Amino acid sequence: MKDILKLFVFLFFTISLIACKPKPQGKVETVKFTDEYRKNLIDSFRRVDSIRKIKDSIFRSAPITSIEFKETLFNFGDIKSGDIVTHNFVFYNTGKNPLIINSAMGSCGCTVPSYPETPIAPGDSAEMKVVFNSTGKSGPTTKSVTIVANTEPQISELNISANIAKGKKKPKKTAE
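The sequence shown begins at 218 in our numbering and counts up by one.
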């Protein structure tokens with residue numbers, strides 16, 4: 218178990234180092250799509266695929282634990298079309314083994330979750346941030362986030378809802 222956890226932490230830091238390269242400063246040039254560029258691009262995709270396979274292997278061999286969310290539904294209330302709103306869902310590892318979230322996916326491109334990449338120790342809590350973009354939507358709306366983790370059951374679901382008004386909100390009338 219410790220070897221798996223060490224491998225997962227090593228993998229996380231390796232990905233972090235690769236992803237955190239400084240952004241180039243100055244003029245941006247167009248890259249010609251040469252055979253060398255194509256080869257480097259394919260090699261890059263292979264490295265990413267290898268990392269995904271290692272993460273999946275760690276996830277599949279991880280012992281089962283349990284997860285409990287403080288809430289599984291959040292209502293943003295009345296918002297206007299075009300608003301981008303966020304909510305943090307708090308969750309707890311209520312089991313006896315480290316909690317590993319393998320993936321979290323929104324029901325559409327307008328709902329984007331982000332979650333901890335490192336294991337959550339038994340008894341600890343963490344947050345899953347969900348960002349909802351209401352552009353192009355109107356009326357009562359409900360979206361979901363599907364989470365795959367080393368839990369029983371393996372799949373959990375969170376839901377967000379909102380009542381989306383077209384354009385700007387109308388000012389509230391006051392009693393005279």
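Where hints are given, some of them may not hold.
[Unchecked claim] Here are the simulated SDA-like pairs of lysine to any residue, each with C-alpha atoms no more than 25 Å apart in a straight line: (1) K297 - G323; (2) K383 - V348; (3) K354 - I296.
If you're looking for bench data, these hints aren't it; they were derived computationally from the structure. Note that this is a predicted model, so its numbers are computed, not measured.
So, going through the hints one by one against the coordinates:
Taking the CA atoms of K297 and G323, the gap is near 20 Å; set against the 25 Å cutoff, the hint holds. Restraint check for K383 and V348: the C-alpha separation of about 19 Å stays at or below 25 Å, so the hint holds. The hinted pair formed by K354 and I296 meets the criterion: a straight-line CA distance of about 10 Å does not exceed 25 Å.
Comparing the model with each numbered hint stated earlier shows that all of them hold.
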